[in-house]
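Undergrad: Given next are the chains, with one letter for each unit.
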Amino acid sequence: MRSARILDKGIKSRTIRKRRREEKDTNRRLQTILFLVAAIVILTAVTVAGVMTEGYAAETDFSRRNLAPDLQHPFGTDWMGRDMLARTLAGLSLSIRIGVLTAAVSAAVALLLGTASVVFGRKADAVISWCIDLVMGIPHILLVMLISLACGRGFAGVVAGVSLSHWPSLARVIRGELIQLRQAPYILAAEKMGVSKLQNIRRHMLPHLLPQFLTGLILLFPHAILHESSVTFLGFGLSSEQPAIGVILSESMQYLTTGKWWLALFPGAALVIVVILFAMLGERVRRLLDPSSVHE
Amino acid sequence: MKHRLQFTGKKLIRMILLLLGVSIVTFLLMCASPLDPLQTNVGQAALGTMSQEQIAKLEAYWGTDTPPLERYIGWLGDVLHGDFGTSLLYRQPVLTVIGQRLAGSFWLLLSAWVISGVLGLTMGVIAGACRGRWPDKLIKGYCLLISSTPAFWLAILLLLVFAVWLGWFPIGLSVPVGMDAAAVTAADRLRHAVLPALTLSITGVANIALHTREKMIDVLESDYVLFARARGESEASIVLRHGLRNVALPAITLQFASVSEIIGGSVLVEQVFSYPGLGQAAVTAGLGSDLPLLLGITVVTAAIVFAGNLIADLLYGVVDPKIRKGAARG
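Protein sequence lines correspond, in order, to chains A and B. The first sequence: position 234 = 234 (the numbering used here), numbered continuously. The second sequence: position 203 = 203 (the numbering used here), numbered continuously.
Looking at chain A on its own, in the form it has when it is part of the complex (with noise of 0.2 Å):
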């Protein structure tokens, strides 16, 4: 008797939560709507704000050199009294703009070989398998370093390296679901109905797919903007004339000892914040756009 009542307690709790949330579910919408709204204008603001300032970034001033934080330098100055908050601005400017362009071209790889492993029969899966495990067997790091080296370094360099290394894991999920997916049951009736594989791909499977195929995109933004300063950092990057984070943090680096402690912190928050704002953003319109979740 005992355990029936548990049960019948806990369903009837499980209905009022419910209930509770959907009361809830159109705030929430509304919140996600807003929340990414505003991320998406703070993000823009950053990036048209950092090509304004790129010119002032690169200014030098030797009578303010290694300045502490103060009203007129929020973020204060470095050895040769470049303004460290305008350096900062340039520099996430430059790593979004870094950050979408790889994202972009990861993605479109990842949608193309998980497509082509599906299409293309067992011999084509089987190779892009392989593939897929072989980029993924080299630390990321390794690679991006060795792309970066076979392009020249510099810009060519990180965004070669980037976009071409963080397409595994994502072509991993789409050929996963196309797999799952051809078996469907519409699917098969559009087949016997004579559609060509191809279109049948266009009209029944990608629509299908674009909620995963945009979360994706979008949370590989933190993980490109995160990879392309460490190798920046490491000098194998972006060149030291350029304003970007990797850049000022591995100059910081020479500074630290001296307790020129402002060089490293504000530069580096800066990035976690904007890496964290997309990382959000990717979580929020994953469950806007996942049906399952979307009533949470």
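Keep in mind the hints are simulated off the structure, nothing from the lab. One or more hints might be untrue.
[Unchecked claim] The list that follows gives simulated cross-link-like pairs (lysine-lysine, DSBU-like), each with its CA atoms no further than 30 Å apart:
1. B:K10 - B:K322
2. B:K322 - B:K57
3. A:K192 - A:K123
4. B:K11 - B:K322
5. B:K11 - A:K123
6. B:K57 - A:K123
7. A:K123 - B:K10
8. A:K260 - A:K192
Nothing here was measured: the structure is a model prediction, and the numbers come from that model.
Use these hints to put chain B onto chain A, whose structure you have.
TA: What follows is chain B alone, placed relative to chain A:
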């Protein structure tokens, strides 16, 4: 038993093929590089003053005068005899350099791997069991923050706080400066390894914790847990007896998949702490176009990662009776 052996054999062959692929890709990438190793290491000015003969000698040393295919086949033949070539920067056999560096990194990597695995699993289980309450929110927030933080910046911050401000730990290297190698004690080495290991452990936790949490939530919503609740089992016993067991399998996958991430992280962290390990050697080799060394390091790390995956595959059978029987049936 025979099927298990067959399964292992198949995986081993795949692993060797993948390693071959890794070496080819690495070699091609290094050869495609437009960066001239002579320019990088000797410098334009010095090259200008040299005679043709000297330059030709240097070209032969850096191997830029032989066609790539010939060089690769030569390298592969040597590797089959257990010779990975000679590092051009360190002027020592590649295997010796890698062995020394790996010995330096080994305890660092191992401790970070174990700590992040245990901590991540515990945090994931706690977060999943307390879904929606404050411990869950705290752990989720921590994971979001950490997974968005570049490892090298975290290393710089720790260095700033604990080494520069508080002075608790040394600023870099793996042994005290200017000390005789024989006089270095284990305590000295430990003190130097604490901060790098801490950085790696902190960053490694996030991924494992988040995935364990998802899995834990799935388990706790299953019918068998509902039934256990109905029988009056306490929450703690449900988590320990039903939760942990079912979370074990994905946890093993995650733990062994994190090997690659930890090695990748160590490249950055060792650079910040100037810790003489494998990661730092990779950066040096990359910047100095030391092809044999970088090739060797990439192949060795890839072998470690693939071995990790293989162990995970084999452990599945030990942990999960379903897979064990399934594999036995063929």
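Undergrad: Against this structure, judge whether each hint is valid.
TA: Structure-based check of all given hints:
1. B:K10 - B:K322: holds (20 Å)
2. B:K322 - B:K57: violated (63 Å)
3. A:K192 - A:K123: holds (24 Å)
4. B:K11 - B:K322: holds (20 Å)
5. B:K11 - A:K123: Distance of about 18 Å is within 30 Å: holds.
6. B:K57 - A:K123: Distance ~47 Å between K57 of chain B and K123 of chain A Cα, so the pair is violated.
7. A:K123 - B:K10: Holds, at about 18 Å.
8. A:K260 - A:K192: With Cα atoms ~70 Å apart, K260 of chain A and K192 of chain A exceed 30 Å; violated.
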